[in-house]
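Colleague: Single-letter residue listing:
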Amino acid sequence: MAESMRAMPVIETDGLTKLYGNARGIEDVTIAVEAGEVFGFLGPNGAGKTTTIRTLLNLIHPSSGMAQIFGLDSQRDSVAIRARLGNLPGDFGYGREASGREAVGLLARLRGMESLGRAEALAERFRADLDRPLGQLSRGNRQKIGLILATFHEPELLILDEPTGGLDPLMQEEFLALVAEERERGCAVFISSHDLDEVQRVCDRVGIVRNGKLIAVERMADLLGKARRKIIVRLSDSSGLTELQDLKGVSDLQVDGDRVIFQAAGDIDAVIKALAAHHVVDLEAVHPSLEEVFLGYYREEGDG
Amino acid sequence: MSSQVAALVATHLSDRRRSVLAWGLPLGLMSAFIVAIFPSVQGALSNAIEKYPSGLKEAFGIGELSNVEQYLHAEMLSLIVPLAAGYLAVRAVASGLSGAAESGRLDVLLSAPVSRSRLCAAGFLATAVELAAVLVVTALLTGLGSLLSGAGLAVGSAAAGFASVWPLALLFAGLGIVASGFSLRTSVVTGSVAGVLVAMYVVNLVGKLDPGLSGVRYFSVFKYYGNAIEDGIEPLAFGGITLVAALLAAIGAWLFKRRDISA
Numbered sequence: 002m003a004e005s006m007r008a009m010p011v012i013e014t015d016g017l018t019k020l021y022g023n024a025r026g027i028e029d030v031t032i033a034v035e036a037g038e039v040f041g042f043l044g045p046n047g048a049g050k051t052t053t054i055r056t057l058l059n060l061i062h063p064s065s066g067m068a069q070i071f072g073l074d075s076q077r078d079s080v081a082i083r084a085r086l087g088n089l090p091g092d093f094g095y096g097r098e099a100s101g102r103e104a105v106g107l108l109a110r111l112r113g114m115e116s117l118g119r120a121e122a123l124a125e126r127f128r129a130d131l132d133r134p135l136g137q138l139s140r141g142n143r144q145k146i147g148l149i150l151a152t153f154h155e156p157e158l159l160i161l162d163e164p165t166g167g168l169d170p171l172m173q174e175e176f177l178a179l180v181a182e183e184r185e186r187g188c189a190v191f192i193s194s195h196d197l198d199e200v201q202r203v204c205d206r207v208g209i210v211r212n213g214k215l216i217a218v219e220r221m222a223d224l225l226g227k228a229r230r231k232i233i234v235r236l237s238d239s240s241g242l243t244e245l246q247d248l249k250g251v252s253d254l255q256v257d258g259d260r261v262i263f264q265a266a267g268d269i270d271a272v273i274k275a276l277a278a279h280h281v282v283d284l285e286a287v288h289p290s291l292e293e294v295f296l297g298y299y300r301e302e303g304d305g
Numbered sequence: 025m026s027s028q029v030a031a032l033v034a035t036h037l038s039d040r041r042r043s044v045l046a047w048g049l050p051l052g053l054m055s056a057f058i059v060a061i062f063p064s065v066q067g068a069l070s071n072a073i074e075k076y077p078s079g080l081k082e083a084f085g086i087g088e089l090s091n092v093e094q095y096l097h098a099e100m101l102s103l104i105v106p107l108a109a110g111y112l113a114v115r116a117v118a119s120g121l122s123g124a125a126e127s128g129r130l131d132v133l134l135s136a137p138v139s140r141s142r143l144c145a146a147g148f149l150a151t152a153v154e155l156a157a158v159l160v161v162t163a164l165l166t167g168l169g170s171l172l173s174g175a176g177l178a179v180g181s182a183a184a185g186f187a188s189v190w191p192l193a194l195l196f197a198g199l200g201i202v203a204s205g206f207s208l209r210t211s212v213v214t215g216s217v218a219g220v221l222v223a224m225y226v227v228n229l230v231g232k233l234d235p236g237l238s239g240v241r242y243f244s245v246f247k248y249y250g251n252a253i254e255d256g257i258e259p260l261a262f263g264g265i266t267l268v269a270a271l272l273a274a275i276g277a278w279l280f281k282r283r284d285i286s287a
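Protein chains in written order, with our numbering: chain H, 2 to 305; chain B, 25 to 287.
Just chain B, same shape as in the assembly:
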């Protein structure tokens, strides 16, 4: 990594240091609560889940809730954590581009001998680190919840579950850079990419509910997200999504390099 990119990443992380706790704490406490209550609700849940339509269970990734890992996946890792992390990713990457343009900082940075591609690369890398930090905080608090409640959450499984969110969320950081190639208004960038995030989730859901529409799932990253807490990380999916995220970031940097940055 060049010293310029390292300096930009360090500044980005310093600027956004509070977001690690602002996002990691609520997500972690919520996950910890879910894990902590599992021993007391386990029996009732299993009975209730048995009565759910099988299509619905499959659509929402709810299998048997016979262990805490399945419960954590159903309650947090199948919906809330990936959506929150995806939104955080686009917010984080936008802060370094459209946010910097709105504050005037982008003009100052681009007065220095730094290329726009490096600015984009730094934003992407810093977002990757920030996401990882948020997921680590979330996972640690979840583990603490398990430890205190005696829920028996398997450390390796939980780590895989939270780690699998990272490439998925990073893909939306890549999309955020693409969006910055078209607009330098933070509301437009975050709004449009958040829309894509929700749309991808819905498309995946519809594809699961209606076998006739299962083909549309190929357009959603959630198809490849899987259930790492139970099945382990699928290296191809993990690497593939990360690669697509990096590719999107590169396309975004190309677009960003060619756009005008007006006052």
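With the rest of the complex left out, here is chain H:
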């Protein structure tokens, strides 16, 4: 299965657009997500992340453009597609009276499964109570049930809309570990999030969406590489370091006693070589948070 899945993108959209009259939905979204890839879909609330996901799932119909999943048309072949994916909707809900076990049981029957798959194991892993009515669970515990419903049948594609909402830090770690395992299994994972830290830790590539438009798709490593790092150097003698100012990619140089603080973008080989001429007591490179990267993209677009 993994070989055939690698032949084509698991998710492929071309010019996917959804307009709501005069209101904005999404416009011209073109992405491709490969098998075994974790793709982050980043943007603030209202940017169009959920609209994109709902269009992929055929919950809403696109105004124009194409979306394929597993090489199948997302509208015409929606039922066949959904047989192979797992979805955690944003702001997961299932009603108040049903228990997680009842919900898993129904989905298992709808999927033609004769057992609850790995639901029990996942419940144990996430410390989720499958037997209490969902209305009696906290938001975080309901979210765990949502994650189990999305993953218990070992899908080939996971679509997760804001998956860690309400989860405590321990469970967020467990979630990230699960995503990594799913990737190892060959599963493609599409994560919509505005939690930039979790995306940074788990995604191979990210798409940044703003005002309904995809403004960038980057490999996570490239994205972070392009970003400015804050570099703090402590020197035994900081005099004569002004040459750093002239190096490509260096900006905002400040000298504060024996400390030199500056921003460096891109390749920092020249910076290291310039520093090597001095006695370096300490060096700290602070990687930007994805939020800073994200804001940078927004700023660039605004400037443009």
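A hint or two may mislead.
Heads up, simulated DMTMM-like pairs for lysine to aspartate or glutamate below, C-alpha to C-alpha not over 20 Å straight-line [stated by the list, open to error]:
| hint | chain 1 | residue 1 | chain 2 | residue 2 |
| --- | --- | --- | --- | --- |
| 1 | H | K249 | H | D268 |
| 2 | B | K281 | H | D74 |
| 3 | H | K214 | H | D29 |
| 4 | H | K231 | H | D283 |
| 5 | B | K281 | H | D78 |
| 6 | H | K227 | H | D198 |
Simulated from the structure, these hints should not be mistaken for lab results.
Only a predicted model underlies this, so the values are computations on that prediction, with no experimental measurement involved.
With the hints as your guide, set chain B onto chain H.
Modeller: Just chain B now, with coordinates in the frame of chain H:
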């Protein structure tokens, strides 16, 4: 029936198991009370009814109240039970569509390989079963009332009377699915279909009261509802209304398939 539809119907019925008693019990107890008091009020009622204007009696389906079946029809089966069952039907079918959309369950179900048409079919079938169960509970309690009071209600006639409510109410379940094709707000779906239910009753009533307006009755399902407790079930009307209900459900499923399901 596909295994998916069977699973959805079973879940729907399990979720709404309490409604069978919540609706069947009060309707049944009320009917039982009506039947139970009939022997003691029979004479006085007949005298009172004789003095009613004939048009009014015809409009409300009140003929002679010389037997308990006529009394049960006049008091329960001509108005209260069909209106209550019609409203229950739209509530039940809406719970599986607009209600599920509001709770978030619809998103989860539509993440599974189940078509929207099957969801609608399951909602319609489950509502049909739920309605039947409510009517059976109502009929059983009515029969019990008759048995305890010695009113002498004919079992077959009573069964026909309650059974004839089923297709009528189911028609409003079909309309509920049509309404879900336009709105996924439960208040809008139940409100609009309940409005149609009452409007149809009033249209039928007006058509009966004013012979010049009798033509408007063709737009009301109540025209075809009849008086099965006295006349027996009219197979054509029973089958025809059921067929229209199923047709409405199919149209609703078509509309539902084409609509966006927003978050």
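Colleague: Now, for every hint given, state plainly whether the structure supports it.
Modeller: How the hints compare with the structure:
1. A hinted pair counts as satisfied when its Cα atoms are at most 20 Å apart, and H:K249 with H:D268 qualifies at roughly 9 Å.
2. The hinted pair formed by B:K281 and H:D74 meets the criterion: a straight-line CA distance of about 16 Å does not exceed 20 Å.
3. Distance hint between H:K214 and H:D29 is fulfilled; the C-alpha atoms sit about 7 Å from each other, no more than 20 Å.
4. Among the hinted pairs, H:K231 with H:D283 is consistent with the structure: their alpha-carbon atoms are about 14 Å apart, no more than 20 Å.
5. Distance check on the hinted pair: B:K281 and H:D78 sit about 13 Å apart at the alpha-carbon level, within 20 Å; holds.
6. Under the criterion of a C-alpha separation no larger than 20 Å, the hint pairing H:K227 with H:D198 is consistent with the structure, at around 17 Å.
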